[in-house]
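**Q** Sequence:
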Amino acid sequence: MNNEDESALEASKLLTIDHTYPILCYAHRNLLDDALKVWDKMPVRDIVAWTALISGFSKSDGGLEKALEFFCLMRRRGETEPNEFTFDCVIRACGQLTALVEGMSVHDLVIKYGFEFEQSITGALMEFYCACKAIKLF
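Mapped onto UniProt numbering, the consecutive letters of the sequence shown carry residue numbers 1 to 138.
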């Protein structure tokens, strides 16, 4: 990679950070329409930006389904791959929705990506299966 390419990559990263921070702030205040306005203007969306939006919707009033929609959109677009933080948000949203089939599909992806032993993922999966009444203790 030459210096010009490296400079362009660094500029792209800075633009992503500049846009992601307002998304986090708006989502934290449950101002998701404002978060989406920033989102729509983003030239590049990395996993931090996607996870910020998914997390914001998963924690907002009535936004659980939208969180799952954005997760599916992220996967369809193929711009980036989910990480353990993305999976944590999505699994917890599935648990709150008691969406067993969707959550089990996400669990399969967790295994595919090798995150099944991450502590936050393990906790989220336990909560998910308990919420869906799909766990047997003995």
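Do not rely on the hints blindly, as some may be mistaken.
[To be verified] Derived DSBU-like pairs: lysine-lysine, alpha-carbon spacing no greater than 35 Å straight-line: (1) K133 with K59; (2) K133 with K41; (3) K112 with K59; (4) K41 with K66; (5) K136 with K112; (6) K41 with K136; (7) K66 with K136; (8) K136 with K37; (9) K133 with K112; (10) K66 with K112; (11) K133 with K66; (12) K66 with K37; (13) K37 with K59; (14) K59 with K41.
[Said to hold, decoys possible] Quick list of the computed label-pair ranges, beta carbon to beta carbon: (15) K136 with R75: 26 to 34 Å; (16) V101 with M126: 12 to 20 Å; (17) T122 with D18: 30 to 38 Å; (18) K37 with D61: 12 to 20 Å; (19) D34 with V101: 26 to 34 Å.
Note that these hints are calculated values from the structure, not bench results.
Note that CB positions come from ideal geometry on N, CA and C, so glycine has one too.
**Q** Each hint needs a verdict: does it hold in this structure or not?
**A** To see whether the hints hold, each was checked on the structure:
1. K133 with K59: At roughly 22 Å apart (the allowed maximum being 35 Å), K59 and K133 satisfy the hint.
2. K133 with K41: With Cα atoms ~41 Å apart, K133 and K41 exceed 35 Å; violated.
3. K112 with K59: The given pair, whose Cα atoms are some 26 Å apart, holds under the 35 Å limit.
4. K41 with K66: Given pair K41, K66 holds - Cα atoms ~19 Å apart, limit 35 Å.
5. K136 with K112: holds, 24 Å
6. K41 with K136: Between K41 and K136 the Cα gap is close to 46 Å, so the pair fails against 35 Å, i.e. violated.
7. K66 with K136: holds, 30 Å
8. K136 with K37: Violated - the C-alpha atoms of K37 and K136 are around 44 Å apart, more than 35 Å.
9. K133 with K112: holds, 24 Å
10. K66 with K112: holds, 24 Å
11. K133 with K66: holds, 23 Å
12. K66 with K37: holds, 15 Å
13. K37 with K59: holds, 18 Å
14. K59 with K41: This hinted pair holds, its Cα atoms lying about 23 Å apart.
15. K136 with R75: 26 to 34 Å: For R75 against K136, whose Cβ atoms are near 30 Å apart, the range 26 to 34 Å holds.
16. V101 with M126: 12 to 20 Å: holds, 18 Å
17. T122 with D18: 30 to 38 Å: For T122 and D18 the Cβ distance comes to about 34 Å; the hint holds.
18. K37 with D61: 12 to 20 Å: holds, 19 Å
19. D34 with V101: 26 to 34 Å: holds, 32 Å
Hints 2, 6 and 8 from the list above are not met by this structure, while the remaining hints are.
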